[in-house]
Amino acid sequence: MTTLSSLPSARQLDRPPDLQVNGMTKQFGRLMALDNLSMHLKSGSFHALLGENGAGKSTLVKCIMGFYQPTAGELLLDGNPVQIGNPRDAHRYGIGMVYQHFTSVPAMTVAENLVLSRFGGAGIINWKAEIEALRAFMSTSPFQVPLETPIAQLAAGQKQKLEILKQIYLHSRILILDEPTSVLTPAEADEVLGLLRQQVSAGELSILMISHKFREVMAFADEITVLRKGKFAGSGAVSELTVADMAEMMMGEQKVPTPVQKTSLPNATPVLEARQLGANKDNGIAAFSGIDLTVHSGEIVGIAGISGNGQRELVEVLAGQREAAAGEVWVNGERYTATRAEMYRHQVCALPEEPLRNACVAHMSVAENMALRTFDRPPQAKGILLLLQAIRQMAVGLIGQFSVKTPSPETPVQNLSGGNVQRAVLARELSTEQIKLLIAANPCFGLDFAAVDFIHTQIINARNRGVAVLLVSEDLDELLKLSDRLIVISDGQFTYQSQTTTAEYAAIGHAMAGH
Amino acid sequence: MQTWRRTLESLCLSFGAILVGLLLFGLFCALAGANPFEVYGLIWKAAFGSSSTFQNTLIRASPLMLSALCTALPARLGLVIIGNEGALVMGGLAAISIGLIIGTALPPILVQIAMAVAGLVAGGLWIGAAGALRHYRAVNETISSLLLNYIAIALLNHLVGGPMRDPSSLNKPSTFPLAEVNMLGNIPGTRVHWGLVYGLVACLITYFLMQRTTFGFAARTAGGNVRAARIAGLPVGKLTVMICFLAGSCAGLAGMVEVAAVQGAANESLNVGYGYGGILVAFAARHNPLAAVLISLLVGGILASGGILQRSLNLPDATVLVFQGLVFLVVLYSDSLYGKIPFFKEKPIITTSASPPASPGEEPVMTA
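Keeping their order, the protein sequence lines are chains P and V. Under the working numbering, the first residue of the first sequence carries the number 8, and numbering increases by one thereafter. Under the working numbering, the first residue of the second sequence carries the number 71, and numbering increases by one thereafter.
Only chain P is shown next, with the shape it has when bound in the complex (with noise of 0.2 Å):
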């Protein structure tokens, strides 16, 4: 094993090192994150790593950038094995990564920021000495970016500019970049890829790209290593594959769904009706627009998608989480604005993701999380007085009812493992019997497989009663087990509606991608 003292420091590197990723697996407790997989960066090559969320993508580069500890496997640079036991080592091989998410601090000018960057340093910053310094990078650089400039007056592509010639900066020369475009417009995307396709053809870099998008991917990459599941899916040059063939690494084999006991109902009417739909992204730029939707009684309606394309705001409008920009609900032939009594009248309830975030308060009790939806009506009130012994008794039933793993009723919610949390919020949302709508997100994410199974059974159950099922979901195979119609958003639009009995594998693949 090298040690670092013996390594040649990154400022000595002059082309990229050749990283090999060899039967890494990584566990956490009793998921397996990433199993027993190899994959093999070449010096100055632009390699894609696809797969779904969850297919331990993240996981696999946080091992390489020493993040995590993998449970077994080695790295190998230039076919030396190294070990990496945090981020700073990886600095030292030249190894960067660039985030998802800006890491600039924005009151501060871009060189600020650059020199900041820098680890360690003298306690004197030399600001003429820097500058100059700063200006002679810039000039041989890939990208501009001014420096006087502070980081809040710039666009997302300049940014995502800066977060990348940070790691250049640093002397990084392998750059594992996790969805660098997915916060910039496709122009932007275009040109921050375009300029480091130069720089990895000019033999000066080597890239790592996390990449939901196939767009980018066949225009900009050489390789791609696809992950489904933790395991190793398949890889290949991009001059040789098809988008279809990319698909089909990162869904699998079509899997027969295992068949759930579904009962068709007679004179199913439209609940939810979703006319024209709109709503906008946090930052104020179109999640999704003009979209038309109904679900029916006693039908799941399955939204596929990768994630970033407008169905996390679509549930957030439906749940009442946020505004619609434009168009209307409606639930059972009236306006539905999701008040408090609107959800009482329709019966709506809602399974979003992440529970502990999104449906219930950290710190009060489980029992007062279950009385989210009826603390406000008999028998849990009287007028206005809280009853707390019903709402205790309540909770008493449901937790034995779904098996909630809780020490009391009166434990903070928050002190839940996240499988109970999830049962709480399901005790709390399927626990009325007339129960007309339930809006349900990636309602499985993250759970293990008992409670996976529990979920199905109680969506489905929930169906058979003649319930409007709508599921969102990133998880294909739960999507066509589960719903009766299947529809693909894509860039907040529906791209592709079918039952899903007829469904096409391919087509969705397509869809799902954009094209």
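Please note that a few of the clues may not be correct.
Here are the in silico distance ranges between beta carbons for each label pair [said to hold, decoys possible]:
{"hint": "1", "chain 1": "P", "residue 1": "163", "chain 2": "V", "residue 2": "406", "range": "48 to 56 Å"}
{"hint": "2", "chain 1": "V", "residue 1": "406", "chain 2": "P", "residue 2": "391", "range": "32 to 40 Å"}
{"hint": "3", "chain 1": "P", "residue 1": "112", "chain 2": "V", "residue 2": "407", "range": "24 to 32 Å"}
{"hint": "4", "chain 1": "V", "residue 1": "391", "chain 2": "P", "residue 2": "407", "range": "51 to 59 Å"}
{"hint": "5", "chain 1": "V", "residue 1": "173", "chain 2": "P", "residue 2": "391", "range": "33 to 41 Å"}
{"hint": "6", "chain 1": "V", "residue 1": "278", "chain 2": "P", "residue 2": "407", "range": "29 to 37 Å"}
{"hint": "7", "chain 1": "P", "residue 1": "290", "chain 2": "V", "residue 2": "102", "range": "49 to 57 Å"}
{"hint": "8", "chain 1": "V", "residue 1": "224", "chain 2": "P", "residue 2": "157", "range": "34 to 42 Å"}
{"hint": "9", "chain 1": "P", "residue 1": "403", "chain 2": "V", "residue 2": "150", "range": "31 to 39 Å"}
Output of the computed footprint for chain V on chain P, the stretches with three or more beta carbons under 8 Å from beta carbons of chain V [to be verified]:
{"hint": "10", "segment": "78-84"}
{"hint": "11", "segment": "321-331"}
{"hint": "12", "segment": "336-350"}
{"hint": "13", "segment": "353-365"}
{"hint": "14", "segment": "379-392"}
DSSO-like, lysine-lysine: derived pairs with alpha carbons at most 27 Å apart [claimed, not checked]:
{"hint": "15", "chain 1": "P", "residue 1": "135", "chain 2": "P", "residue 2": "173"}
{"hint": "16", "chain 1": "V", "residue 1": "308", "chain 2": "P", "residue 2": "288"}
{"hint": "17", "chain 1": "P", "residue 1": "49", "chain 2": "P", "residue 2": "238"}
{"hint": "18", "chain 1": "P", "residue 1": "269", "chain 2": "P", "residue 2": "443"}
{"hint": "19", "chain 1": "V", "residue 1": "308", "chain 2": "P", "residue 2": "389"}
{"hint": "20", "chain 1": "P", "residue 1": "443", "chain 2": "P", "residue 2": "488"}
{"hint": "21", "chain 1": "P", "residue 1": "412", "chain 2": "V", "residue 2": "308"}
{"hint": "22", "chain 1": "P", "residue 1": "389", "chain 2": "P", "residue 2": "443"}
{"hint": "23", "chain 1": "P", "residue 1": "488", "chain 2": "P", "residue 2": "236"}
If you are wondering where the hints come from, they were derived from the structure by calculation, not from laboratory data. Beta carbons are placed, not taken as given, at the ideal position from N, Cα and C, and that holds for glycine.
Knowing the structure of chain P, use the given hints to seat chain V on it.
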């Protein structure tokens, strides 16, 4: 049930903070040339030593209780409101205006009720405005409520110095005095006015409101997690404005009490620091209205001892303010200790497999 650990934690930290504040204050007194133990003794005697001095403490505690609620209530919604002083002044101004307009035309009890309502509404609108700005225009409620203080005090100075000035008030410009019959009397057998009962009742009611009513539940939910409140369809904006209105009305009532029971007119004595003292009380009480009653007694006692410190030890008048400030700092610091002391930690109950963090950059860098 392990909640006793958490209860003990808040008790120990709150009282520990006040104790540390006392120690630091002793140090300060020693530097100022006074014997700290003598100072402690004097404060004790002046605040709680005899029934007569304790009554002084009670008189000062009652506006503190009311004004503390102005910070404690919005805190349950996750808002930091420090406009207590302004709401108190506005309440006092509204109360004296109504009192002077009605004069002796109505029986005193009705006049007092009208004055109380005026104080409640004026204070409520004052802080309600800060809440509305917060929710509808995203204006930082701490800053806006602080600035509203200055506006209220300027308005008071303008009115007592001009339009409402009683020409006979020479040294200390005041409004015309309230008719003697309309003054809020004392609790029989004491020198303590009925304002104390107002304060106690208000604290009890707000405690009940927050803990035992659907309104309080909704407010706590919205304060705990806005996203969860929205998914449950709770009207977050309406709750914000309503809670702020209630908070302001408590401080407004304090102003009415000061006018109708102590000063008999509105003058600059309205803004002598009950507003800021209320902020201290609310934080030390961890925004619990019942605890605020006890802390108000403590702070009221400290305020009551100011005169004696000056007279017997020749310490400057502002000494008690130093004390208040020190206690406030230590209390705020103690807030950061929650969950840090191993003894008070609830035992971990379930340990299941950790799932990998969602995206890079969000977790602390682990150095092996």
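Hint by hint, here is what the structure shows:
| no. | hint | in the structure |
| --- | --- | --- |
| 1 | 163/P <-> 406/V: 48 to 56 Å | violated (35 Å) |
| 2 | 406/V <-> 391/P: 32 to 40 Å | holds (36 Å) |
| 3 | 112/P <-> 407/V: 24 to 32 Å | holds (29 Å) |
| 4 | 391/V <-> 407/P: 51 to 59 Å | holds (57 Å) |
| 5 | 173/V <-> 391/P: 33 to 41 Å | holds (38 Å) |
| 6 | 278/V <-> 407/P: 29 to 37 Å | holds (31 Å) |
| 7 | 290/P <-> 102/V: 49 to 57 Å | holds (55 Å) |
| 8 | 224/V <-> 157/P: 34 to 42 Å | holds (36 Å) |
| 9 | 403/P <-> 150/V: 31 to 39 Å | holds (36 Å) |
| 10 | 78-84 | violated (count 0) |
| 11 | 321-331 | holds (count 3) |
| 12 | 336-350 | holds (count 6) |
| 13 | 353-365 | holds (count 4) |
| 14 | 379-392 | holds (count 7) |
| 15 | 135/P <-> 173/P | holds (19 Å) |
| 16 | 308/V <-> 288/P | holds (24 Å) |
| 17 | 49/P <-> 238/P | holds (21 Å) |
| 18 | 269/P <-> 443/P | holds (17 Å) |
| 19 | 308/V <-> 389/P | holds (22 Å) |
| 20 | 443/P <-> 488/P | holds (21 Å) |
| 21 | 412/P <-> 308/V | violated (36 Å) |
| 22 | 389/P <-> 443/P | holds (26 Å) |
| 23 | 488/P <-> 236/P | holds (17 Å) |
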